[in-house]
Each structure stands twice: as C-alpha cells, then as structure tokens.
Amino acid sequence: MARNKEALVLLLDVGPSMHSVLSEIERVCSMLVQKKLIYSKHDEVGIVLFGTEDTNNELTKEVGGYQHVVVLRNSKVVDGDIVETLQQLPRGTTDGDFLDAVIVGMDMLIKKFGETNKGKKRLCLITNARCPIKESYEGTKEEQVTTIAKQMTANGMKMESIILRGKLSQDANKEIMDENDRLLNIFSKETSTRLLYVENPISLFGALRTRNITPVTVFRGDLELSSKLRIKVMVYKKTAEEKFPTLKKYSDKAPPNDKFATHEVKIDYEYKSSEDPDTVVPPDQRIKGYAYGPQIVPISSAEWEAVKFKPEKGIKLLGFTDSSNVFRHHYMKDVYVFLPEPGNTRAMLAVSAVARAMKEMNKVAILRCVWRQRQANAVIGVLTPNLSDTENIPDSFYLNVLPFAEDVREFQFPSFSNFPASWQPNTQQMEAAANLIKTLDLAPHEQEEVLRPDFTPNPVLERFYHYLELKSKDPYVEVPPLDDTLKKITEPDADLLLQNKNVIDSFCRSFELKGNPLKKSRRLLGGKRSFLNDEEVKGNITAQPANLIENASLKVEKIGDLTPIQDFEAMISRRDSPDWVVQAITEMSKKIFYMVEDSHEGDNYPKALECLVVLRKGCILEQEPKQFNDFLKRLCNFCKEKDLSSFCEYLASKELTLISKTEAIDSEVTDDEARRFLVKSEPKVD
Amino acid sequence: MASGGSDESDDTGTTANGDRFAVNHDPSWNTKGVRLGAHWHIRKRREKKDLYLKREEKMDVDVDDIFKDEEDDAEAQLSLLENDSTKEYVVYLVDASPKMFNTACPAEEEHQKAETHFHIAISCISETLKTQIINRSYDQVAICFFNTREKKNLQDLNSVFVFNVPEREFLDRSTARLIKEFDQLEESFSKIIGSQHGIVSGTRENSLYNAIWVAQALLRKGSAKTVDKRILLFTNDDDPFRSIKGAVKSDMTRMTLQRAKDTQDLGISIELLPLSHLNEVFNVSQFYADLIGLEGDDLVDFMPSAGNKLEDMKDQLRKRMFTKRIVKKLKFMIVNGISIELNSYALIRPTVPGAITWLDSVTNRPLKSERTFICADTGALVEESTRRFHPYKNQNITFSMKQLSEIKRVSTGHLHLLGFKPLSCLRDYYNFKTSTFLYPSDEGTDSSMCIFIALHRSMIQLNRFAVAFSGSSSRPQLVALIAQEEIIQSGCQIEPPGMHMIYLPYSDDIRLVEERYSDTSGMVIKASDDQIKKAADLIKRVDLKDFSVCQFTNPALQRHYAVLQALALEEDDIPEIKDETLPDEEGLARPGVVRALEEFKTSVYGDNYDEENEHGIGKSTEASKKRKANAEFASKECENYDWGELADTGKLKDLTVVELKYYLTAHNLPVSGKKEAIISRILTHMGK
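In order, the protein sequence lines correspond to chains L and S. Numbering of the first sequence is given in full-length UniProt numbering, commencing with residue 1 and proceeding in unit increments. Numbering of the second sequence is given in full-length UniProt numbering, commencing with residue 1 and proceeding in unit increments.
The hints are simulated quantities; they were obtained by calculation from the structure and are not laboratory data. These figures come from a predicted structure and were not determined experimentally. We put the CB at the ideal spot given by N, CA and C, even for glycine. A couple of the hints might just be wrong.
Unchecked claim - Think about it this way: if two alpha-carbon atoms lie no more than 20 Å apart in a straight line, the pair counts; the simulated PhoX-like pairs of lysine-lysine are: (1) 393/S <-> 248/L; (2) 661/L <-> 633/L; (3) 471/L <-> 675/S.
Unchecked claim - According to the in silico footprint, chain S covers these stretches of chain L (three or more CB under 8 Å from chain S): (4) 13 to 21; (5) 70 to 77; (6) 276 to 288; (7) 307 to 316; (8) 494 to 505; (9) 591 to 605.
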C-alpha cells in the first residue's frame, strides 16, 4: 500500500433543500476526485448519499434502520467512472439524517480497513444540517453523538464537515439548526474535525480541500529566545503557491501505431565557445563568472565553497518591536507557521504565553532563521502571534520573511499634497469615495466575509481540471467559458452593485470623467525647469510636483507661450530627427524676439533672459555656437533700432555673453570678444 | 592649444565680482548647501526614472542559473540603450600640492596612524570606486591630480595629471585594474607624478584653472540631459593664490572663478571636499565659496556637511542600484466603467549577486548556451513544440498553446475592484510573494487622479483595504490594495504615497497545518495570566526601539561582493564582513534581561527546564530508533569483512550491494548511487 494513500468517504446530502446547490457540489466533488487521479492515484474514495428516496446500505440489511441512505459507491481506488458518477448525483426526495450517513460511512471504513491506515481515513460531510436527526433509542442525541465521536477517534478517522448556511439555506427552522450545530460541535471537539460554515457557492468550492499535501517540517528544533531559554518548535509552510501544472512538450514524431511512445520532448543544453560555435565545452570545463565592472571574474565552485557565507543552523530572537515598525508590504515570501512541539506541554505554554503577551502589547518579534545546515543565507523574519480560539488547537506563530537593506529600492514619488488644486478631491468627492468604500463592503457585520482567501478557489486551476476532464472525453472540445460561480471571483458582484446603485451613481457623478489630461495640465504648473532639474528631483521631490511627468515621455513639436523653456529643452533633445535642433533654436529665437518687442517697460525682460540663457546652453551643448552668436547680435541690433537698448543693458548687467571658443570649439568668438560684447556702452560688434 | 590663461583679457573689469547669474536664477543652486550635505545620503536612496526601458521577456533559460531574475536582463538592456539611461560621470580632482602631504591629523585619535590629507583623499576615492563598480557599474569616472610635477592630459596643460590604466579612456567605466593600480598609487606617486606647487609668483601658471579646464573637457562627453556630471574637488588649501600678490592675484582669481562658472553653466556641478587641519580650519570664504557658489546660511552649514560627506563616502553600502522603472501599466476598473490608469513599480525585490556568465575555464572566454529539442521517441531534432500534454486517466491529453492561454484568461488584463474590507481581515498568512507598488500614471486625467487621491485618503481614514482581481496573464489572482501614506523623515521620503498591491493566496495555496496537528487528547493548554505577564516583562526588556527593515544588510550578498572584489583585484585576503543579523549577545546578557528571562522560564517550565529540554532532545522518534539499530547492525556486519584486502585484490565488485552498504553505513557515508559509485566511494574513503 502506498504510504500516503488516503481513504475518503464523501457523505453528501441530496435532500430537497439541497437541490439548489447540488450542481456546485457535483463540481467540487468531481474536481476532488480528478485531482486525486492526477496527484494521488492510489487513494480510495467512497460515496454515501442521504436524503435519497431509496435505501441501500449494509447496515440496514444487518441491523435495520438507516433509511434513505444510499451507498452509491463502495470505497475503491479512484477511476474515471467515479468522476462521472459524481457529476450526475440523483436528487433526493426526503430530508436526510446526517448522523445516519456518518455511521454508514464509518462502518464502511471500519469494515474495509479495521484498525489499519490510521490517520488516513477521512469522512467528508456536506450538508445544510437543517433537518432534524432522529431521536435515539437510548440516551440523548448528545450522548449518542459523543459515543460516535469517540469511536471515530479510536479508529483514527478524521472528519470534515461543510455546513451550508446563509443564502444557501434560507427560511429554515432555527431551532433545528441550532441543535444540529451543537451536535456537530461535539464532533469538532472530540475528534479531528474541521467544521466549516459556508454561505455562498464560491466558498463551497474553496472549503473542500481538493488536494491533500502532507506538510513537511522546514525546521524542527529550538526557537532561541536567548542562549539560556529555548522553546521546542516545529516550523511548517503555511502558504505555498499551488502552481499551474507543468505540462510536457508534445512531440508527434513517433509513428502513430507506436503504443509505447512517450511523445515527450527532451531539452538539451549545450555550451559553446563564443568564438568557435562548433566546439562544445563539456560541463567540467565550465566555470561561473560574475561581472565586476566591465570585467567578468571567474569563480570555481570549489573556491566559492571555501569562502562563501556559512551560517549556523538555528532560529534566534533578535528582539521585539512595535508592530507598527514593520510594514505589511515588506512581507517577502511564503508564510511559515511555528507550532510548539506536539506533546510538549511546556513548549506549548511558552509559545502561548509569548504569543498572548505579544498580542496584548501589539508587538512582533524579529528573528534570524537558518532552517538548515549549509543554507546559503540567513533570513530575517517577523514573528506574529496566531492565537487559537478552539480548544484542541494550541497557540502558534506566523513568520514572514523581511527584506534586507539591499532589497529595498528607494524610489521617490511626488507627494500628493503638492499636486495642484484641480487634482485634489473636494469635500463632496471625499464623501462620495467614503460612501463607496463603506457600501462595497465585503466583510459586512455578522455575515460571512466574502472572498476570504481561505475559501476562495483558484479559478484558473478549476477551469483547467474541468477542461482536462472534458478533453479526456472529447479531444476536440473548446475551452468552456468561465462559469458564473467562478466569475464572482474575477468580477464585482452584480447584486452588490445593484443594491448600492444610488451610492455608485453619486460616486460617478462626483467625479466627472471628462477631466483634463494630466500631460497638458502639467504645463500650467511647470514653473521651473532647467537643465539641472533632475538634480532637483533627486534632492527634494516633494517640492516639485511639476516633475511628475518626465520630459522624455513627451514629443514636443512646438514651443508654446506658457512654458517655452521646457518645450525648448524637450524639443532640442529629441533624437528622432536631427532637424529638431535647428527648429528648436529657430523657434526659440522667434519667441525671444517677440517677448522683447512685446515688452512693456521691461516686464518681459526677465523671462526673455531666462529663455536666452537656455538657448545659450542648448547651443553650447548641441555645438551650434554660431546660431546663438548670430542671433544675439541680431537681437541687439534690433533692440537699438527699436529703441529698446534697455534690454541690452539688462543683458549686460546679467553677464550674458556670446559663446566663446573655449565653450564650444566651433565658435569664432574668442573669450575676450565674448566678454566685451554688451559690456561696453557702445557694443558695436560685427 | 595654448595654455588657458593666455586667452583671457587683462582687463579685469567690474563684472568679475558682480552678480553671478547662475547663483541667482538657477533654482537648483539655491539649495546647494543643503543638497551638499544631504547629497550622498540621498544618492544612496534615489534612483532615476526611465520611461524607455520596458520589462524584457527572459530569452535564454539557463538551467543552472538560480540567481537569475528579470532585473538582470534589464541591466544588460541598460548597456544597449546607453544613450537613454541616466548615469553619472564624475571627475575626481585631487590637489597634489606638497601641503597635501603634510601629516594631517597626527593627534586626532591615538590609535590612528598619522595620515596625510592626500592619503585621506585617495582612500576615500578608492572606497567609492569599489562601491560604485558594484552599485552603478555603468557610471564613468576619471581621476585627475593637479599641482603635479608631471603633466598628462589631452590639452597638455601644466601641473595636471590624469591617472589612467590601459584599455580605458580617461573618463570611462572603472575597471578592476584601475582600482588596483590606484590603490598602489600612493607609494609610487612621487616617482611617477610628483608633487609641486602649481601656482607660484613669477609665473602665470594657474594649476587650479588648468585642472577645472581639464575636468570640464573630460566631461564634454555625453549629453547633460541624460548624464549627471560632477567634479569632486579634494583640497586642503583654502587660498590657492596665497603666494601671489596684487593685480596678478585678483586677475588669476577672477579667471579661475569664471572658468568654474562656465563649467557650471554647462550643467557640470562642482563639489568641494575640503580637508581641514586640526589647528587650522579650512576657510571656505577665503576663495572656494565663490567658486562653488555658496552664500548666506549655506556657507555656515557647508563645513559640517562636507565633513559628513567625506564620512559617507568611506562608508557606503555595496548595493546594486536599480533604475526606477514601470513594471507594468495597469487600468484599475472602479465601478460603472470608471477607471484609473496606474503604473506599478517594484519597490522591494530580493537582490541577488548578479547574473552568472558561464566561462570556459581554459580560456576564460564567455560561453554561449544553446538549447535543442529532441524527440524522446525518435531522437530526432525538433522545433520547439507548440503543443503540450498532461497524462490523465491513462491517456495523454494534449493542449495547444492557445487553449492554455485561454484557460488562464479568466479576466481582462486589468485590475477589477471587487470591494473593500477592514484591515483586520488581512491576516498575516495572506502572503506568498513580494508586493508591488502602485502610483497613478500621467496618462490619466485630473479627475482620475482625483479619484485615486479620494480613495487613497478615505481608505486610510476608514482603515480599509480594497480587494481587487488582477487579471495578469501569468497568474490571475486576488490582490489586496493597501493605501500607503507618505512618510517623510528628516527631509527624506521613507515611504512614498500610493498603494501597495499584496498578492493574496487562494484556498489551494493555504495549508491547514494547525488543524492537522490539533490535539484531541485534551492536552492543549493556553498560558495563564501570570505566564503572559512574565512574557510581557520579557518583551519589554528585549525591545528594538527604532527597528527598520533596512538596518540589516544581507550577509551572504555582502560576502559575495567582498569575495568578488578580492578576486578581481587579486587581493590576498577577503575583507571580513560583519554579520548584522546575529543577535545582540551583550544586550541579552544584561542583568535586567537575564532576570526577566529567568522569571519567564520559571513560570513556564518550573524548576526543571533543563530536565525537560534534555528529555526533548533525548526523545527519539521511531524512525530514528530504526536508523540507529540499522547502523549498529551494519557496523557489526561490517567487521566480518577484510575490506582492505578485498579492495587490494579488486574483489569488492564480487560483493553484493547490500554487503557494500554495510561499509558505507558503518562509516557514515552516503549509501546512494550505483554499485560502481559505491565501490569508488569506499575506495576513496580507504584512501586507495
């Protein structure tokens, strides 16, 4: 017998009150068997239905009673038939008694396995538990259930009870439900029973574990609070991504009549020297290299082995800290769970005491973990308390891995408070947003949390296994559309939207969608941009909302009146055509002329000067000194003619000069000439 | 070209001390003093945005390359798109005048050896180069001395020497050879380059002027738009023209200042790193304040901040810098067709030692990997197959790639808002990979920006997070969006404003470990109030006050960098890396802590802690008992053979594998492998 072989009996309520959800139950149960077909082919599955019209089970023949319980399939190794059986469950006609079904299921497992296969026997009950169970002949119902539960533990069976409630079982008798809940609770206390209440079909999909993975310890040993105080713990993975199955590459080269063809494709990697592509370098002649600047430094594995970081195995406490010091978004990876060593009461107490104290004080612990000897690196993690509210589960911790200093990239982003007023929401808009958040509530008070990760299945995997089954029957079938239940995961719930139509409408009204594009509105703010503005962004981003949008992303084609400097810089640095440089210079020159001419008592001078300075820099950078020098000379002459020589003086006072030879090789103007231009009161340079 | 001074007019005019345009009108200069101080600090923290770089699909799959991630490919990409990326070009200008070689701080600290300012400058640069080659290896540097005896520069100016090594331009990426030879330069400096006052009365030579000119010419390369150009000037002489008097002095001063101003006008920043004597403080106002453009408060703050800057340069973390790039552009669908454009960024990703390049160990030349597909049935070479299969119910179910991607397309590629939940619903175990940061894109409208800000603010106020479905093609999944408030500490943005996208697991990804190990025997007990109180006392004692995730550097990575540097520079010993992740043993040994620990221990374990723990260790599982028994049996059996002789006569191969394994088990060797492997393992162990 395979080591991890499990025997599972499904106890399914098919009574009239269950009819509305039976199709979902069919789906989830057949999925469970399908996954077993792939991942645990040797598992056994049996099916017991209750609430049926007929009666068919061994107990009724042996001792009588157990009406309306049908053994649809005895415990057998999984096969394709069982998938199909589960896809067409009969609809029952009577109210089922779940306790009868549990006993029939137990009987089936005991007869087949007896005392063996401990811990690998599982019952899975799916019902709404809204129909009363029969009175027992001796003792109360409670006593009866307790006896059964003891028996179950003695035989090493586990049970999983999924109880459909809420929307899934409306107008039921509350008294009966309460009684049943009490009884079911006895199971969960006395045995290893997982009791789950689900209120909607998606949760049903998620609640039934379709794949059983035996957890393996990541670490077992001491959690060292100090070298003198160690707590015995076992560490397991709490989350691990269940990946999309890896499909093999298919080769159709094998002859069609070859029954033993594997159809597999092997991938071969060869390393060839870059100079001589015909030589294959054998693996032992390969050596790893790491880049050091432009060079690549070879490091052999032996060398590396000798010098690399080798931490000692162990989990050590670094200290406790306020939980607010650790951000949720710093959690890096899969989560671990720290359980006290089973059967070690003192460890259990120690974990419980520390966890509860941490919870009370709102603290977390920082640990250094090296799970294994020879692990490549130590891990820094944050330990958070996980208090248990059930009696038979001890308190434990969760551990999340934290980043190292090297892993945090300190990108800067503009502060929202510096955005212009038109981007800021007003009071009414804030209210609309708050209302939206309050009404689209997925965790309403006293109701089941919607889309709780613990109960939300992976729609892609659901779809894949479903399609796999379809394809096994018809190889040419197309991918079916996503069914409505799964759509509730990927799309907003239409009912919820409809219920809150008013709030949503008012939200939409508050934010008129036809706003101005941000890219344009930037110009209105873009006060100061200069060649050094990058510097500015780095230094103090919060003061420069204008730099939200990098110039580079824009294709400026014209120099506008509002931000001529920015436009010019953007344009002259366009590299998609060499013409832009010339065009930028020409357009900027025109702008400056216009500004000076249009100036009233020098009010435009500072602006024109700014433009001139940028133009000058641009011309130096682009090696176009002549363009600038000619322009400046022309501008001065123009000013003199138009009786605007105050501008020339202004320029002189600001030390604006021609571009000299030292600044740009192509210039024909010497430093001396450049300096003298404009400085003297009669600047006749030609 | 003639030496620079000759072009200048003797006419000093009135303009030299007039308004400095750059100081007045360029906003970035106004903050100069502040920036200088914070500059290095911010440098460590900032990275630049580059809109051109897109995430590249991984092209070449290297099976052995466990460290590879997409960032590495992007790095390679960076070099291809060199023109578009933002880099830094730095020229280090080091004063080599005799004054720099006077013992600088003999009595500064007793245990320190007397150091010259020249040594301080050199070691500072050397450290920076070593850090930079790992952090930002695409940056370019030039090292240039002035006040030298020899001259070496493109302009052939006196008293300026550009230090360089073969296979490298003056201003280029730094190489191992540059760093190595630079480290050894100090000993041979007087021989090769030599120190000599560049500015002496009687000549018109102006070494500082020449130096700035050379530096500026070196930095002519590259556009100021995409490259950050800087000159770092190390000197201890606050008055370079002290030996000259009168009109000549003012003339030379003016010329030099003009030179510096022109350089700055070209978008090159000049930063001064003054080196002070203990008894003779560097007076910036003497000359350099004008050169670098300091005024008012900046002038007052300059000296202390410059000191920090030097310290920072010596003590920088080796940390690869990444360009700020958009990982993905997302459309966030809110309700009724209202949507916001968002960009996502990777703020936290595990940093790995960098891409592995496979080399031929004989030639040390890089290798190319080639992938071939072979049909397992026929052995024929095939094209990459477009069909995949999965065994199911004894048949092979085949899928086309199109069907597979159709299965995965359960939603449009956007982010769909599903609703909101209180933050308390986000359990600690809802995590399985690093989060991603979302920030509104500039492609939206101001009203979409408005929606984002309104939601962001309300979510913070109401303590809620948004649940959304992210329909990415690789793994469509539920995500939690947590609004993050901006956090600024001492002028630095610690946390940017925006939303963190946390990937939520599905029920399939969560394991029910606690339930599995539940105890039905009624043995489960929870701590008593007293025990909790004792634990609380302990927690108070061992409190990390200002814990921040950034305080631990990755010991394995730092070790890797250290090894790499030692190998590249052929250093004899690898610098010791401090493992910051180890607990503070001293702190834990403080009497208060020890007392709290003891009290907690007594309250939980009673007086028999040691006993309990002994018991814990001694308790063996059934498997370990069995293993032990096996080992005993094997060593007994093992004694029945004369292994030495069997080996010598080559009769080992006549034994059965079971018999051979007795030897292995008895000697604690691995028992795996085929018979030949086992025999060779035995022979190796016996030393034959």
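So, going through the hints one by one against the coordinates:
no. : hint            : result
1   : 393/S <-> 248/L : holds (16 Å)
2   : 661/L <-> 633/L : holds (16 Å)
3   : 471/L <-> 675/S : violated (45 Å)
4   : 13 to 21        : violated (count 0)
5   : 70 to 77        : violated (count 0)
6   : 276 to 288      : holds (count 6)
7   : 307 to 316      : holds (count 5)
8   : 494 to 505      : holds (count 4)
9   : 591 to 605      : violated (count 0)
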